[in-house]
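**Student:** Sequence:
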Amino acid sequence: MWPTLVANFAVVGLAVSGWLQLQPMLTSVRRQNRRLLFGLVMSLGAVASMMMSVQLSPGIYFDLRSTFLALSSLIGGPVAAALTAVTVLTVRVAMGGAGVWSGATSVVLVVAVGLLGHAVLGKRTPGWVATSIFSIVSSAAPMAGVLLLPTDAREQAFATLVGPVVGLSTVATFVALSSIARTRKLVEERKLIRAALRQAPDYLYVKDTFGRFVEVNAAVAEVNGFASPDDVKGLTDADLSPERAPALMAQEQRILANGQGVTNLEEQVPDLNGTIRWYLTSKTPVYNIDGEVLGLAGTTRDITDRKRLEAELAESRTQLSTVLTEMSDGIALFDRNGVLRFCNEQYRDYFPLTGNLRSPGAPLESILRASVTLGEQLDVPPDKVDDWVKAVLESLDAGAEEEARLFDGRWLHIRTSPIRDGGATVRVADITKLKRAEAGLLALTEQLRILADTDGLTGLVNRRRLDEDLDRELKRAARDRQSLSLIMLDIDRFKAFNDRYGHPAGDKCIKAVAGVLAQKARRPGDIAARYGGEEMCVVLPNTDEAGAYAVAEIIRSSVRDLRIGHEGSEKAVVTVSLGVSTCARGDETRIASVLVSRADEALYLAKSAGRDRTVVWQEPRALRRPAQ
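Numbering follows our numbering, in which position 58 of the sequence shown is assigned residue number 78; successive positions increment by one, without gaps.
Simulated from the structure, these hints should not be mistaken for laboratory data. Accuracy of the hints is not assured; some may be wrong.
Unchecked claim - Simulated pairs of lysine-lysine, DSSO-like, Cα-Cα distance not exceeding 27 Å:
1) Lys-531 with Lys-205
2) Lys-327 with Lys-253
3) Lys-627 with Lys-528
4) Lys-253 with Lys-211
5) Lys-327 with Lys-410
6) Lys-531 with Lys-495
Stated by the list, open to error - Listed next, with one range per pair, are the computed distances between beta-carbon atoms:
7) Glu-639 with Ala-247: 44 to 52 Å
8) Ala-258 with Ala-27: 47 to 55 Å
9) Ala-258 with Ile-296: 15 to 23 Å
10) Asp-407 with Asp-291: 30 to 38 Å
11) Leu-292 with Leu-471: 28 to 36 Å
12) Asp-527 with Val-106: 37 to 45 Å
13) Leu-471 with Thr-171: 24 to 32 Å
14) Lys-211 with Val-593: 38 to 46 Å
15) Leu-292 with His-523: 50 to 58 Å
16) Ser-617 with Val-593: 27 to 35 Å
17) Thr-145 with Leu-292: 26 to 34 Å
18) Leu-60 with Tyr-624: 25 to 33 Å
19) Glu-639 with Ala-525: 38 to 46 Å
20) Leu-212 with Arg-50: 16 to 24 Å
Virtual Cβ for every residue (Gly too), placed ideally from N, Cα, C.
Construct the complete structure from the given sequences, taking the supplied hints into account.
**Tutor:** What follows is the structure, encoded as structure tokens:
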């Protein structure tokens, strides 16, 4: 009985998992069509469950079809409920037997409960309390149909099957409904964040280590002549700006190599019409939880209008030969000898530690050295003070722009403009808000990367990112003629652990095992990921079969050494089983799905052989067990 019911539970998990995988792809599908598709998935799941029913006596069957009927009715509404109910009734009538009327009554009852819940909830997502109540009621209500069975069958059903079926159905419904609700919320939140990112006026983008655009906003697509940001994904600068691509690639590779980003880099770039425009660019490397470089995030702002206004303002000052004291910016006038001739109060106020020195008749060199000595202006190395002072003095003749960071956290934009007859004007503006806004955009980009690439529970790479990284590493291994290995890991008797200790303890157990993976897969290029549920995996570039086996054994023994108690396991502590598959040098079968399938097959063999062991996939298959 129990193996069959557990198989039914697995069918529920498989069907719900399949639906969850479809969720991100269905965001643009009309609601009615999504509900119809959901009803179809639930119908197929219900039929699969009925094909593995527990037969109490000829013609009397018990399974978890009620879970699918309840989910279809609650989430999909009348259309999905009708589709699933008709499918289940048709199959049940075809199966025949003494329990047909009892089964039909159960279908009607659970659909009624589901539609009632659908009407009460409306468009709201059920919370934990509502989910718990619905799971219990929808699982217990169909059991009323048992009363229609013959007396002997009814008594036998209540004595042996009703309790386990109701209990397992309640758990299945609760887990499935909770998973669907969480996934729906995550998809909606991700959609909101992406919408906000794409509508930002500045040019925002994220690239991988190969310079390919992973995410861009609408501004980037528009300035490059594309209708949609999705059209830019996968392209490189070589596709958008071939003449600038080598310089950009070299710059970005330096950032990825030394970990030092660029901030507020001003560039002159021609647009699609050949017009030269000014841009302010910041780029920073992005790392995963293990400190490995994933790519870089960048923000670029079109400052052409600001540049034009600055030029016009400077020309106006030259023509008028005067400085307006009522301007919000700090203004100063130096003669050809570098002596301050005029400044407004705003100019003095911007420099609180040297404001008293910035009076007419003061040499610029003395002011600069005092600013460094008093710690007013930062980012001037002690051994470079003379060079810095010399460069500033030369800017009186050549002109320059500088962004200065002060001791109190403010940022100043200092522009020096030579005057035709000698000397220069200096304009100082507070750009602290601009700097903070740029930092906010960088933080938003980082949050988006974390949401997109990281598993929220374990902090490991998630399944989506793993698929991308595994494909990339396989291509790299093929190009460099190197081996690549994959370890798949599953926590032994995890369902029993959850049942005995509860889901919070189960989450802690998963985190602990994930911590072992993160600790042991520490080479540059190693990838530790959560594959799903209690399954995790490790991608080991440039690692042969023997090396991968050794790493797997280290992981296995390290997990056992955690000594996490597990009364539901014959090992008494939490253990893991591992499957290893390897693409050797010269192996032409470098397909991610094949590598995963082989590792999964080896994992299955490890489970079948008694758990708490490592098995390496071979052809013909042979088991490799850890030393006893």
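**Student:** Hints first: check each against the structure and report whether it holds.
**Tutor:** Going through the hints against the structure:
| no. | hint | verdict |
| --- | --- | --- |
| 1 | Lys-531 with Lys-205 | holds (23 Å) |
| 2 | Lys-327 with Lys-253 | violated (31 Å) |
| 3 | Lys-627 with Lys-528 | holds (22 Å) |
| 4 | Lys-253 with Lys-211 | holds (17 Å) |
| 5 | Lys-327 with Lys-410 | holds (26 Å) |
| 6 | Lys-531 with Lys-495 | violated (31 Å) |
| 7 | Glu-639 with Ala-247: 44 to 52 Å | holds (49 Å) |
| 8 | Ala-258 with Ala-27: 47 to 55 Å | holds (53 Å) |
| 9 | Ala-258 with Ile-296: 15 to 23 Å | holds (21 Å) |
| 10 | Asp-407 with Asp-291: 30 to 38 Å | holds (36 Å) |
| 11 | Leu-292 with Leu-471: 28 to 36 Å | holds (33 Å) |
| 12 | Asp-527 with Val-106: 37 to 45 Å | holds (39 Å) |
| 13 | Leu-471 with Thr-171: 24 to 32 Å | violated (57 Å) |
| 14 | Lys-211 with Val-593: 38 to 46 Å | holds (42 Å) |
| 15 | Leu-292 with His-523: 50 to 58 Å | holds (55 Å) |
| 16 | Ser-617 with Val-593: 27 to 35 Å | holds (30 Å) |
| 17 | Thr-145 with Leu-292: 26 to 34 Å | violated (44 Å) |
| 18 | Leu-60 with Tyr-624: 25 to 33 Å | holds (30 Å) |
| 19 | Glu-639 with Ala-525: 38 to 46 Å | holds (40 Å) |
| 20 | Leu-212 with Arg-50: 16 to 24 Å | holds (20 Å) |
Going through the hint list in order, the structure does not satisfy hints 2, 6, 13, 17.
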